[in-house]
Amino acid sequence: MKHLFANKKIAEIVIGSLILIPFIYLIAHLSEIPYQPGSQYTDFEIAHLASANYLQYSLFDKREFPFWSSVINGGYPFYADPLSGIFYLPGWPGYLLPQPYGLNLLIIVHFFWLGLGTYLLCRFAGITRLYALICGLLVVIMPKLWAHYASGHVSTLFAVSWMPWAALSGYATSRSEKIFGRNLAAGAGALSFCALADPRWLFYTLLTFFIASFLGGRQNWRALGRSILQTVTAAALAVMGAALLFIPMLNFAAHSTRSAITAGDLLQYAVEPIELIKVILPVYGEQADRSIYIGAFVLFLSIIAWSRGKNRFTKTALILPVGFLIFYSFGEYFLPNVWLVGLPGFNLLRVPSRAWLVIGSWAVFFAVWQLDHLSKYPQPPTKAFKIASLSIVFLVIGIGAGISMFTRAVFPGAVTGVIVYGVIILSLLFWNRLGSRRAAILLAAGLIADYGIYAFLAVTYRPVPDVPQEIAVALKNNIPDGRIYSPTFSIPQSYAARYGLQLAGGIAPLIIKTYYDQFTSALGGAFPPGYSVTLPPIAAGNPLDNPAALAPDPEKIGELNVVWIFTQQELINSQQFDLIYSQEGYYLYRNLMARPLVEMSSSSSAAQASIETKDINRIVINAVGPGRITVRVPDYPGWRVSVDGLPAIMKPQGIFLGAEVPAGIHRVVFEFFPADLWYALCISAAGWLALAILWVRR
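Note that our numbering has the sequence shown beginning at 520, numbered continuously upward.
Derived from the structure by calculation, the hints contain no laboratory data.
Worth double-checking, as some hints may not be accurate.
Okay, derived cross-link-like pairs now, BS3-like style, lysine-lysine, Cα gap no bigger than 25 Å in a straight line [what the hints assert, rightly or not]: (1) 1133 x 581; (2) 581 x 995; (3) 834 x 895; (4) 895 x 528; (5) 1170 x 1032; (6) 1170 x 1075; (7) 1032 x 1075; (8) 1170 x 995.
Remember, predicted model here, so these are calculated numbers, not experimental data.
Based on the sequences and whatever the hints tell you, model everything.
Below, the structure written as structure tokens:
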């Protein structure tokens, strides 16, 4: 062990080689999609693969840019959906490639971008090359990050990858003589891309920018004021740059089920204070929003690094945001959070436990900073440091062993803890013999093994979900028009998007409220109150056990143009529908009481309406009046109507589009042309112009 990593260059090569392992692992699964172990669903397929498939379907098959989508929930403004990704320009090369290869390549690129940004941030902060590489690797394989990857939170991964770049810009800005200059422009640009990837992550990245800006300065009241001014300016420029998404998204939210969201809904997936034990005790394969693992030794080293600071002002300024994030992660268990999420901007966050991803990334940075410090000094750590370190190691192993004894089952965290912390124990016991540099590298190897094991066990891979061949034939042959209702979510949303099927329900964070209300009223049974991201709402958490959704009223659901019901559970009132197909546990019903997508109501028997063409954003109708046309598409701002090429007045029919048609033969066109997009485009262009001016200023 004496000659372990005797050559610093060899150590750098070994660590550099280790960085390749997660990327090789990801490349090996390019044709599959990630799942949390044991889960049947992933946001990768539900949201991101579906959006990429729909974008390709619109551009390549329909030759039209998709402002509107009819794929799920009866229709919704695709351009305003934060998960559509159409305004996140770095994502476009991947969106247009064959799927799921395109999205998987995007994830690999963003993991690399995250690691590179972390490496450069460390180097700029004075950390040596070897430990900058170690920090980049640890951040890339961070347990909570891989838990989010396993859950398919693709947009979150994209947004997180911009955090170190924002921090690097903040750090450099504070070192610059100019308050407003190129570094600030770079930070605001990183913040804009972060917001365009995932608006919920802007607050966390802004906080990281502020902390880095403060640490890079002189760390006094004047420097604090300067950091606040720079952060506010960067935030304003970032919001302007991301207005292209923000304005349509906020407009959509006001017309969606999210407008009725409660504080309890916003604070879901909170961390119970008793669950803080999971910060140091790994629970493998846990759902992303329940995973908060950082690791006892990473946490310990980061606390040591914080305590090394001699400036009390700095130490206080660091501990306050960390304390805020911890208490915010408690959700409703910390009562002031109920008030906090009512403030403008904070109600966009949701899922408080995600704050631990930020805490974890900060902890990794300071832990590696401490490791770098230990490696630079010839004297070994103090006896108190070694005793405290060994105490933490044995405490973690003891807790894991205790859980195993209590549950009478082997706790995986205890087994891997023995392996991982065994390496850490060796580095501490043989510190004097190895020397500070070699012992610190061995200690880092233990941390890498800890995170690597967690990352490997956090995710499993499966092929892209499809429907059985016979079912696919039945669907394509029997569903040329009309919406499909699937109470058991039996048609993958990515499949529907690939072939342009129209699902009456679906899974999305924003659903047009008027449509949601009418849809749920057409279903038998009662649904739990509160905000829901699924239509129909899932009462018991299992879509295959949702009796409230299995008794649709044929007339009421027919009003929503639901012609077909496709399910893996027989309908409770199946006698009211015509059974078309039944095989392999699948049932396809036809609703004989379904209303057509376009219908004319008139006192004249000669009045009629038929669809000439139906495109992505446009429905052309041949009509014989007089009468009133109903188009069973949810009424939403941006739809406009013309009769014979002349603008007409929209006459909504309940929750649907509608218009009056005079006597005679007419060509009626309903077109979706959102005005708020163009306002947002102007503001966004002004924001990016301001960034360009800051960039070229000398």
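Hint check:
Our distance criterion of 25 Å between C-alpha atoms is met by residue 1133 and residue 581, whose separation comes to about 10 Å. Only pairs whose Cα atoms come within 25 Å are accepted, and residue 581 paired with residue 995 is accepted, the gap being roughly 18 Å. Taken as a hint, the residue 834 and residue 895 pair is honoured in the structure, with Cα atoms around 23 Å apart against an allowance of 25 Å. Taking the CA atoms of residue 895 and residue 528, the gap is about 16 Å. The hint holds against a cut of 25 Å.
For the given pair, residue 1170 sits about 19 Å from residue 1032 by alpha-carbon distance, which is consistent with the 25 Å threshold. About 21 Å separates the Cα atoms of residue 1170 and residue 1075, which keeps this hinted pair within 25 Å; it holds. Distance restraint check for residue 1032 and residue 1075: the Cα-Cα separation of roughly 17 Å lies within the 25 Å cut-off, and the hinted pair is therefore satisfied. Restraint check: the Cα-Cα separation between residue 1170 and residue 995 comes to about 34 Å, which exceeds 25 Å; the hinted pair is violated.
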